[in-house]
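So the chains spell out like this:
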Amino acid sequence: MKFIHVLGLIPFIGMLGGLPFANKVSSFVLGLPFLLFWIVLWVILTSVVMVLVNYLDPANREEEA
Amino acid sequence: MVSLVITFAFLAAAIFLAIRSTRGKKMNLEQWAVGGRGFGTVFVFLLLAGEFFTTFTFLGGSGMIYQVGSPAYYVLAYMTLAYVFSYYLLPPIWRYAKEHGIVSISDFFRFKYNSSSLGLLVSIVGIIASVPVVVLQLKGLGIIVSETSYGMISPTLAVWIGTIAVTVYVMISGIHGAAWTAIIKDFTIIAVVVFLGLYLPYHYYGGIEPMFKAVQAAKPAHLSFPDSGQSLSWVISTVLMTSVGFYMQPGLFAAALSAKSAKVFRRNTMVMPLYTLLLMFVFFVGYTAILQVPGLKGAEGDLSLLRLSIQTFDPWFIGVIGGVGLLTALVPTSVILLTIGTLFAKNVYQPLFKPNNESQVAKVAKLTVPVVAFISLYFVINGGNALYALLLMSFSLITQLFPSLLFSLLPNNRINKHGATWGILVGVATVAYITISGSTISSLFPAFPQAVKDLNSGLIALFANVIVTLLISVLTSKSSAENKPLPSEMY
Chain R
628 MKFIHVLGLI PFIGMLGGLP FANKVSSFVL GLPFLLFWIV LWVILTSVVM VLVNYLDPAN
688 REEEA
Chain U
18 MVSLVITFAF LAAAIFLAIR STRGKKMNLE QWAVGGRGFG TVFVFLLLAG EFFTTFTFLG
78 GSGMIYQVGS PAYYVLAYMT LAYVFSYYLL PPIWRYAKEH GIVSISDFFR FKYNSSSLGL
138 LVSIVGIIAS VPVVVLQLKG LGIIVSETSY GMISPTLAVW IGTIAVTVYV MISGIHGAAW
198 TAIIKDFTII AVVVFLGLYL PYHYYGGIEP MFKAVQAAKP AHLSFPDSGQ SLSWVISTVL
258 MTSVGFYMQP GLFAAALSAK SAKVFRRNTM VMPLYTLLLM FVFFVGYTAI LQVPGLKGAE
318 GDLSLLRLSI QTFDPWFIGV IGGVGLLTAL VPTSVILLTI GTLFAKNVYQ PLFKPNNESQ
378 VAKVAKLTVP VVAFISLYFV INGGNALYAL LLMSFSLITQ LFPSLLFSLL PNNRINKHGA
438 TWGILVGVAT VAYITISGST ISSLFPAFPQ AVKDLNSGLI ALFANVIVTL LISVLTSKSS
498 AENKPLPSEM Y
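Chains as they are written, first to last, in the numbering used here: chain R, 628 to 692; chain U, 18 to 508.
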């Protein structure tokens, strides 16, 4: 398994793996209920992970757009 | 009246663009269906975005929040994860498709498994699974037209108008029109959704947090996943199932093939997750509506966004919302309809009737569009499901294609055409049984723990599918040795 494949798993683990915990918290963060905040946070982190993956993936250097 | 005129102005603009976009292009089947595979990052982004940001997200997203609350978050999670997954899934598919001149998901199966009957089966599954999605969009169109007319046009007449408009639009333009309309649609929908999502909570509650606090006080269950039913395990299993099934939708599969290079998808995965955040604003609208337009029962929840807007804004602005909503239905519906048309013509009509020229196939592809549109119209008028229930049903069906597609991408595929065919058949039959009998894991296996009972029932079908696929492949492996693809066909 290549490193970029491992990176691709992070959003799955973070977003879904954290849900049991996030579902129990009833406080608010940045005006959002914690559960919604958790998911929104992971959407943004996913985008960050994908920037990293795009940058690291050798396939993007071989092919010309 | 003003609102209706403005809504129809959007439609007229879309049709005008559709006609213009085809100018100077010879509309053979490949141009009509995948735009000659010449779309770059921006266009593919807009098409894929257009595919997902539909009437469902607009009306169904707020409707689901209104009806059940937090389980609607699954949409946000599954779309984001579907893009992550696509980073690894789409490039090999795209390369193989390009080498073999493939324009549809069923061609893909036909080439990979060297079996035209499998191609036929995949087309049929694709067509059946697309019908709920078309139904969903037409239902949305009907809601928009009848609500923005302030009840002057009855929902039934509104759906008729919407169906005819979509059909004409698709038949004229093919995918080029969809791509151009997607551009206007995307800019306007971002503006409208963000505005509504911020303005409405501030207008009624003085902010996002006060709005959530008011909902929490009145309906605390709407802010977290319930203990049973659409519980945590439902959300997680549904997200996993829909995110792997996402690109199995024939429309999205075809839209992905229209990219200029494999790099296009990889680039898109950086931005697409952020784009899904627009849904958050749709959720805000749904939450605001819970206490401001109470009393919408069941499937009526889909009306919540428009009802709340009508209560808040002047008619001209309702017209703008309606117009944008109309475009969100138009783009995905046209992509889906033309995909179904291509599937039917190339993979059902062509192998069965063996026409002797290409233009005959193109004609059949175009004629399929109104037929499917009017079959869907029948279901819109006679069915009562909420938008999100339709979407989930379609996903359970289409995800059945995923196991054998994934196997076919492996360097050493142990699955043969018999395994793939039977696996898909069993999976689809299971979904049909579950849907028609209304059973869930909970009713089939009452002794299981709650977390297992709440798993998305599409998963049972997927499980049966994989078992049958593997089993049949092993059993028939000797006899199918001669069916191995030729070396030149190997990816």
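Keep in mind that the hints were calculated from the coordinates and are not lab data.
Quick reminder that beta carbons are idealized off the backbone N, C-alpha and C, glycines included.
Honestly, I wouldn't trust all of these hints.
[As the list claims (entries may be wrong)] Covered stretches of chain R (in silico footprint by chain U; criterion: 3 or more residues with CB under 8 Å from a CB of chain U, positions within the stretch not fixed):
{"hint": "1", "stretch": "657-665"}
{"hint": "2", "stretch": "673-687"}
[What the hints assert, rightly or not] With a Cα cut of at most 25 Å, we get these calculated DSS-like pairs of lysine-lysine:
{"hint": "3", "chain 1": "U", "residue 1": "Lys115", "chain 2": "U", "residue 2": "Lys236"}
{"hint": "4", "chain 1": "R", "residue 1": "Lys651", "chain 2": "U", "residue 2": "Lys230"}
{"hint": "5", "chain 1": "U", "residue 1": "Lys371", "chain 2": "U", "residue 2": "Lys383"}
{"hint": "6", "chain 1": "U", "residue 1": "Lys314", "chain 2": "U", "residue 2": "Lys115"}
{"hint": "7", "chain 1": "U", "residue 1": "Lys371", "chain 2": "R", "residue 2": "Lys651"}
{"hint": "8", "chain 1": "U", "residue 1": "Lys277", "chain 2": "U", "residue 2": "Lys115"}
Okay, the hints, checked on the actual structure:
{"no.": "1", "hint": "657-665", "result": "holds (count 5)"}
{"no.": "2", "hint": "673-687", "result": "holds (count 10)"}
{"no.": "3", "hint": "U:Lys115 <-> U:Lys236", "result": "violated (52 Å)"}
{"no.": "4", "hint": "R:Lys651 <-> U:Lys230", "result": "holds (16 Å)"}
{"no.": "5", "hint": "U:Lys371 <-> U:Lys383", "result": "holds (17 Å)"}
{"no.": "6", "hint": "U:Lys314 <-> U:Lys115", "result": "violated (48 Å)"}
{"no.": "7", "hint": "U:Lys371 <-> R:Lys651", "result": "violated (60 Å)"}
{"no.": "8", "hint": "U:Lys277 <-> U:Lys115", "result": "holds (10 Å)"}
Of the numbered hints given earlier, the model fails hints 3, 6 and 7; all others are met.
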